[in-house]
Amino acid sequence: MHSNGPRLRADLPTPALLLDLHAFEDNIAVMAGHLKARNKAFRPHGKTHKCPEVAKALLRAGAIGCCAARLSEAEVFAASGIPGLLITTAVISKGKIARAVALAASAPDTMFVVDDRQNVRDLNEAAAANANREPLNLLVDLNFGRTGITPGQPAVELAQLIDSLPNVTFRGLQSYDGAAAHTTPFDARAARTAMTMGKAVETKQLLERAGLACPLVTGGSTGTYRFDSDNPGITELQPGSFVFMDMEYGTIGGPDGNEYRDFQNSLTVVTTVVSRSPGMAIVDGGYKAFSTDRPFTPRAVGIDGVVFHWAGDEHGRLDVTNASRDVRLGDRIEFLPPHIDPTVNLYDSIYVLRGDRVEDIWPIAARGKSQ
5 MHSNGPRLRA DLPTPALLLD LHAFEDNIAV MAGHLKARNK AFRPHGKTHK
55 CPEVAKALLR AGAIGCCAAR LSEAEVFAAS GIPGLLITTA VISKGKIARA
105 VALAASAPDT MFVVDDRQNV RDLNEAAAAN ANREPLNLLV DLNFGRTGIT
155 PGQPAVELAQ LIDSLPNVTF RGLQSYDGAA AHTTPFDARA ARTAMTMGKA
205 VETKQLLERA GLACPLVTGG STGTYRFDSD NPGITELQPG SFVFMDMEYG
255 TIGGPDGNEY RDFQNSLTVV TTVVSRSPGM AIVDGGYKAF STDRPFTPRA
305 VGIDGVVFHW AGDEHGRLDV TNASRDVRLG DRIEFLPPHI DPTVNLYDSI
355 YVLRGDRVED IWPIAARGKS Q
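For the record, in the sequence shown the residue sitting at position 338 is 342 according to the numbering used here, with numbers rising by one throughout.
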């Protein structure tokens with residue numbers, strides 16, 4: 005821990021991200037144990053936390069590497085010694101491809117994804133300078149409608165192109181259906197991911213019939229890990245949000261009801277009441293403290309009956325008319341964020357707490373790394 009940093013929860017500047025270390029460790033143990041019992045490799049996604057210390061905690065629990073959403077994220081993780089990197093979006097421009105090849109030279113087990121023939125050729129040409137052939141995974145569109153090649157024969161033909169080139173090698177399939185992660189209720193989510201991930205497994209079988217080995221089928225999410233881990237055709241999973249959780253994931257439903265209880269909310273945003281008037285309190289957390297891309301607002305922790313309303317960049321307005329306790333000027337109030345990934349990206353560091361004691365401060369080193 006930084007020797008001159010705050011040592012107690014009550015001393016922390018606000019707004020700030022707080023990590024409940026006990027809940028965080030439990031979340032990792034649940035996911036890692038579940039996947040180990042089903043003989044699935046575990047490559048968690050770093051886009052949630054953007055923090056090398058979190059990635060290291062996951063490696064200690066048995067993860068084989070770390071996914072990154074962007075090349076710049078992967079560069080941060082590689083500089084921190086994180087192995088087994090998989091960049092889950094395509095690297096397209098000439099400048100980025102040059103950086104990708106440089107990254108692969110220093111971290112040879114780094115993998116990339118592709119869904120376009122020209123991109124494959126560009127990567128092959130740039131990789132000529134490296135001693136090792138660059139491993140490429142096909143980015144497969146599983147009805148998400150964002151990026152990826154069509155499963156089936158189009159994917160086989162792209163894999164055949166990769167296999168024909170001297171400086172790249174076909175490794176497997178990157179298979180993510182973001183819509184499945186938040187499909188409700190539980191049974192509908194199971195059916196959706198069985199259908200979409202089934203397309204990836206069928207593509208793997210087509211590849212093998214065409215004489216191409218496909219050792220890797222990777223994908224899945226915090227919302228679908230239960231189902232994907234029972235699919236024999238999937239080799240590894242890449243959930244991310246489970247380490248922290250958020251309000252949205254809490255509503256997707258579990259096997260016994262509307263709440264998703266597999267993992268605990270380990271990350272909160274702490275704010276301070278900076279103004280008080282009858283029935284209303286103003287806190288120092290607004291648009292710059294929470295992601296605002298969801299239709300619901302942050303939920304107070306440890307105090308019932310509080311309704312959060314946005315009040316600008318720097319402030320939130322609380323309706324405390326029905327609050328379960330008195331709210332006073334200077335009070336600290338913690339909130340669950342609606343959407344965890346973009347909320348984390350607003351902060352420079354995470355305060356790591358065991359109870360009320362600050363054990364460490366973890367830099368969010370890949371914050372803002374969106375290139």
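A portion of the hints provided could be inaccurate.
What the hints assert, rightly or not - Keeping only pairs whose Cα atoms sit at most 25 angstroms apart, straight-line, the calculated SDA-like set for lysine to any residue is:
#1 Lys60 to Asp126
#2 Lys60 to Trp366
#3 Lys373 to Glu57
What the hints assert, rightly or not - The calculated label-pair distances, taken between Cβ atoms and stated as ranges, are:
#4 Gln157 to Asp323: 25 to 35 angstroms
#5 Gly359 to Thr255: 41 to 51 angstroms
#6 Ser84 to Glu363: 16 to 26 angstroms
Please keep in mind that the hints were generated in silico from the structure rather than gathered at the bench. In this text, a Cβ means the ideal position worked out from N, Cα and C, and glycines have one as well.
Evaluated hints:
Among the hinted pairs, Lys60 with Asp126 is inconsistent with the structure: their alpha-carbon atoms are about 33 angstroms apart, more than 25 angstroms. Of the pairs offered as hints, the one joining Lys60 and Trp366 holds, with about 11 angstroms between alpha carbons and a cut-off of 25 angstroms not exceeded. For the given pair, Lys373 sits about 16 angstroms from Glu57 by alpha-carbon distance, which is consistent with the 25 angstroms threshold. For the hinted restraint 25 to 35 angstroms between Gln157 and Asp323, the CB-CB distance of approximately 57 angstroms leaves it violated.
A hinted range of 41 to 51 angstroms is violated for the C-beta pair Gly359 and Thr255, which are about 28 angstroms apart. At about 19 angstroms, the beta-carbon gap between Ser84 and Glu363 stays in the expected band of 16 to 26 angstroms.
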